[in-house]
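Colleague: One-letter residues, chain by chain:
There are 2 protein chains.
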Amino acid sequence: MTLFKKNKKSSVKLILASTLLFLATILSISWLSQNVNKQVVVFNTSISEDATPKVLERILNADAKPISEIKFEKGTYHFYPDKGLEKFVHISNHNDVIVRTAMPIFNFKNLIIDGQGSTFIYHGRMIPFLIDNSNNITVKNVTVDWADSFHSEGKIVANDTTKHTFDMEISEEYPYEIRNGQLIFVKEYYEHHLGQSILFDPKRKGITFDTEKYTPLNQFGKIEISRNVDKVSYKYPVDKLEPEFRIIGRENALTVEEIKPGLVRIHNTKGDLPPVGNILVCKGEQHENRLAPAFRVTHTYGFNATNVNVHHAGGMGLIAENSADLILDSFNVTPSNGRMVSTTADATHFVGCRGKVELKNCTFNNQLDDATNVHGTYQIVQDIKDEFTIGVRMGHFQQQGFVIGKANDTIGLVRLSNSFFPYNKLTIKNIKKINSRYQLITFNEKLPADLEEGDLLENLDAYPELLVENCTISNNRARGLLLSSPRKTVIKNNFFSTEMEAILIPIESGHWYESGSVENLEIVNNTFQDCQHSGFNRGVIRFDTDDDNQNTAFKNVAITNNVFNQFDNLILQVTNIDGLLFENNTITNSGTFPQLHPKNPAIRISHSNNIKFRKNTYKGKAKTILEKDDSLKSLKFK
Amino acid sequence: MTLFKKNKKSSVKLILASTLLFLATILSISWLSQNVNKQVVVFNTSISEDATPKVLERILNADAKPISEIKFEKGTYHFYPDKGLEKFVHISNHNDVIVRTAMPIFNFKNLIIDGQGSTFIYHGRMIPFLIDNSNNITVKNVTVDWADSFHSEGKIVANDTTKHTFDMEISEEYPYEIRNGQLIFVKEYYEHHLGQSILFDPKRKGITFDTEKYTPLNQFGKIEISRNVDKVSYKYPVDKLEPEFRIIGRENALTVEEIKPGLVRIHNTKGDLPPVGNILVCKGEQHENRLAPAFRVTHTYGFNATNVNVHHAGGMGLIAENSADLILDSFNVTPSNGRMVSTTADATHFVGCRGKVELKNCTFNNQLDDATNVHGTYQIVQDIKDEFTIGVRMGHFQQQGFVIGKANDTIGLVRLSNSFFPYNKLTIKNIKKINSRYQLITFNEKLPADLEEGDLLENLDAYPELLVENCTISNNRARGLLLSSPRKTVIKNNFFSTEMEAILIPIESGHWYESGSVENLEIVNNTFQDCQHSGFNRGVIRFDTDDDNQNTAFKNVAITNNVFNQFDNLILQVTNIDGLLFENNTITNSGTFPQLHPKNPAIRISHSNNIKFRKNTYKGKAKTILEKDDSLKSLKFK
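For the protein sequence lines, the chains are A and B, in the order given.
For the first sequence, full-length UniProt numbering gives the first residue as 1, with consecutive numbering after it.
For the second sequence, full-length UniProt numbering gives the first residue as 1, with consecutive numbering after it.
If you're looking for bench data, these hints aren't it; they were derived computationally from the structure.
Hints may be right or wrong, so weigh each one.
Remember, identical chains collapse to one label, so a pair may be satisfied in a single copy or spanning two.
Said to hold, decoys possible - With a Cα cut of at most 20 Å, we get these calculated PhoX-like pairs of lysine-lysine: (1) 433 - 87; (2) 432 - 38; (3) 623 - 599; (4) 432 - 65; (5) 54 - 432; (6) 240 - 621; (7) 406 - 446; (8) 619 - 109; (9) 163 - 270; (10) 385 - 54; (11) 260 - 163; (12) 109 - 213; (13) 231 - 260; (14) 155 - 222; (15) 492 - 360; (16) 636 - 488; (17) 636 - 623.
Whenever a hint applies, use it, and build me the whole structure from the sequences.
Modeller: What follows is the structure, given as structure tokens:
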């Protein structure tokens, strides 16, 4: 019996083992059939002086000789643009650029790029990883940096309150010229003026406390002489923000003189004089300085970046559009070479993505814009072509060329003056791009009779679930997270120390045309340390709508078990929310900086319903903890 | 007999008639089979407010519903860019631009576009006719103009020799701003500064006599302060002429103040002060102002333009590349609306074309560059990749993206320091464009052992036969004809009155990289009236090489039966020619202007052989008719 039993067990084990073996065989055959004849390509440091031509040649030859993996012998590899593949690309929230790359990952499936600890140094206007229309792409164990930065840094060494000037020391690392009184930083294949600027505190290696008092400097002012320019007429709407129009009516307001080589004096700044010892960081003209993100991912299903360091980029660390299932684990944006700044725009940014977006164990430090921004796109109904087809206009010049979705995606028709939510839905049949600003969208269904020119479209299928977990977000300009996805969003176990909001949840339609609300948001177990320290009178976590009305914009939010250790009062600012639980949070005063807005409450709520406070601890300095409008009479902070 | 004879004749006639009928039937069947199911599309003036969307829609639908002809009811049609098809295009001798069009004629065969006398008015950055990869395309009976010009004009109303300033009146037609002392002309979707400028004499409606004394104004000067910019290093060659590099080291030198609305004072011009009454014409920065040619034809076999008027374009009237058999009959470039200027660059221009190029019965007036320029392209051997493949670099930034030829074309390998003619030949297998500056060319044959980096390539198959007949070329800036094709070139029965050379035949390799010599050229029965009147010390017909040596550059030229009615002496300037017949020409002095270079001979010849003078009449003012070097001791003017 024992034997029998044993045998019986053995048989079961055997059957199980056979089954597993069978399954494993099927799986490996399946894997093999996918990867059969695919090569593991290994590059060694013999190509390190300019890796571009050899890497590009092999990638362009992948149709004939498929690749499963590209490995680099550990080392430092330079990538120059001169022999790189050139593409004209519209990049969301960047300039539309002619850019070069050594890694055009177009139409790949199941590809791994493994730097094995290597550092890739880029020169000029390049996109290190340009990934399009691919599936299951992994990049790992690599550090990305640029030889010359796309921004510049200078140390404030003196200021003169009588003449309202300040002096800045510029190291040899930042070659410059003075042209007609303008300071121009000249780089390899690039240059910029003082333009967008901000102060860093070198002791904290973070944005200077109360920098809004000093920066931005006023690069531009209004012109005095303009004749008949107002008579230049345009048949169709124009975007006065776009480069061609933005320059009209303004001129340089700053002037710069050189005191001695490496020392310049800056006249005519708008704000207070920057304090001595601070580092002025500048990156030039807003519409020119986002041209070389480190990773650009489009129309790609399955993207993994693991153990990746991005020390710099002339734009974002990663910009993903119309893609799905993007997992960033240990994707770190941090500065190198003693620079104050890592990337010159957001660390990461996701537009019209779906499936899952996960940011885990990441550090996002010292970038010149948000740590992440997850949103869709509003497109404007410009004209109705026939009963199925409309012409749409892209609202913001950095959304030019963006395609809102694919066949059968559900499009919401939105009229924000009436509601933040769609008044009707249609599904896409096809989209024809006519130009950067104008596309024709044909739907499967007839257009509703009440559709009007000026209404907005958003893609209801192109929002992702989002997880941000175990990340450190600090010392950067602007926000931590901008959240605009109605799908499940979890922000968990992170550390925030940002100069503006740690978390901003906006609905806006008049400027960026970034669509999306929040409907299921958990903010749990995070630490907020001295956020909003640059001077704005705003909450650490802030919900915001462009349109001042009582309509519900946000639903079902839980903010639980967080620590707010802030120097100032306002930690939570809420509007137009239906359903908020604020529980088990601890609010203390850090004393790190003097208070900037001591009259603020800790929490401000308006136009909202179903708000609950439970078991929170308040040890801050606010005289009023909770400020609310009349509709929430009985609500109390607990 | 008579009858028989008659019958025989009748039979012959009958047979002939039957044969003709048979042939006609075959031809019409062939024509029918080509044009069966093809539509004649007729647009009427109901679309005239903005013809772009309807015209574009129909053309984009031509695959499904083929078109044989597009007709326009006679009228005035506006074309706006807002709903135009957008393309990023490299255009030879223009900027590389993102441009919009209502007429993307891509992959068409046997298409006629008939304006039936209509005028098409364009707005902003558009290319009216963007023709690519097509066969047998005809455009006829249409006038092209722009609502706002890409250049600006102002009248000189005063000047002050003490302060070295001049005052200019600007009409409402040219809206402007002053930004930081710079005059900026603002247009619909475009703007420019004083930049490239020249004077027009409104009485003659042509370039001002001796304008080189006054223009160009010096928009730019050298900067004084530059630190470490010389340490910015580049691994590969860079083109200091290209926009990114050209701006380094220079700043605006002119300053402009407004005296009253519509009247500005210009300080710090380089030359003499422009005389009162002249019209200053300007078009801004050289690398920004060629962006909207009227016709752009590429990779097209068979192109006819008949009875076409081009009143303006922000670039050339017609630029054709890599095309064949281009016949322009009554293709007229002339200004409209009282403007001094027609197109802001060449009237026509042909790069790498083959078969025949014919310009017949054309008027090319008042454009801001040559009437035509026919040449190929030198590309630079940058690196040798393997025994069949080289990497080539485009020499000039306005040749970016140019593809030198197609499979099996014969490429000459040139080392100009040794010879103006190829030292070896190869045929193309394929070309891979890597980026705007860099392409990989693989040949059918092994590379010769003596091929070196820095050698040049020219396409020996991509030069056309050229006929310029019954044309009027006058009142424009720069030259009449630039000729660089070794195939039969006939210049016959034309009238020239140009401010520089009427005919320039160059070989140059260091700046424009425009390839091609002249080997069979007839210049016959033309009238040259007061050419070279802007001040340059050069011949009316001039042969020129960059490289100063004795090598033969040009062969077999006949200049016969022409009239040179010139105010100044030098009518013919020749170098490095083998075989020149100068016969039956009449040279007189017009007395139109004072002589600028009275010491010049009428004819100057160096480094040349086989020169013949016969039966010419000289009634000019030159003390020496013929100036020559020692090798031509016995040569005499007759």
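Colleague: Next, verify each hint and record whether it holds.
Modeller: Against the structure, the hints come out as follows:
no., hint, in the structure
1, 433 - 87, "both (18 Å within a copy, 11 Å between copies)"
2, 432 - 38, "neither (36 Å within a copy, 24 Å between copies)"
3, 623 - 599, "within (7 Å within a copy, 95 Å between copies)"
4, 432 - 65, "between (33 Å within a copy, 18 Å between copies)"
5, 54 - 432, "between (36 Å within a copy, 15 Å between copies)"
6, 240 - 621, "neither (44 Å within a copy, 61 Å between copies)"
7, 406 - 446, "within (18 Å within a copy, 48 Å between copies)"
8, 619 - 109, "neither (54 Å within a copy, 80 Å between copies)"
9, 163 - 270, "within (13 Å within a copy, 35 Å between copies)"
10, 385 - 54, "between (49 Å within a copy, 11 Å between copies)"
11, 260 - 163, "within (19 Å within a copy, 32 Å between copies)"
12, 109 - 213, "neither (51 Å within a copy, 65 Å between copies)"
13, 231 - 260, "between (46 Å within a copy, 18 Å between copies)"
14, 155 - 222, "neither (28 Å within a copy, 28 Å between copies)"
15, 492 - 360, "within (10 Å within a copy, 77 Å between copies)"
16, 636 - 488, "neither (28 Å within a copy, 95 Å between copies)"
17, 636 - 623, "within (15 Å within a copy, 108 Å between copies)"
The structure fails hints 2, 6, 8, 12, 14, 16 (numbered hints given earlier, in ascending order).
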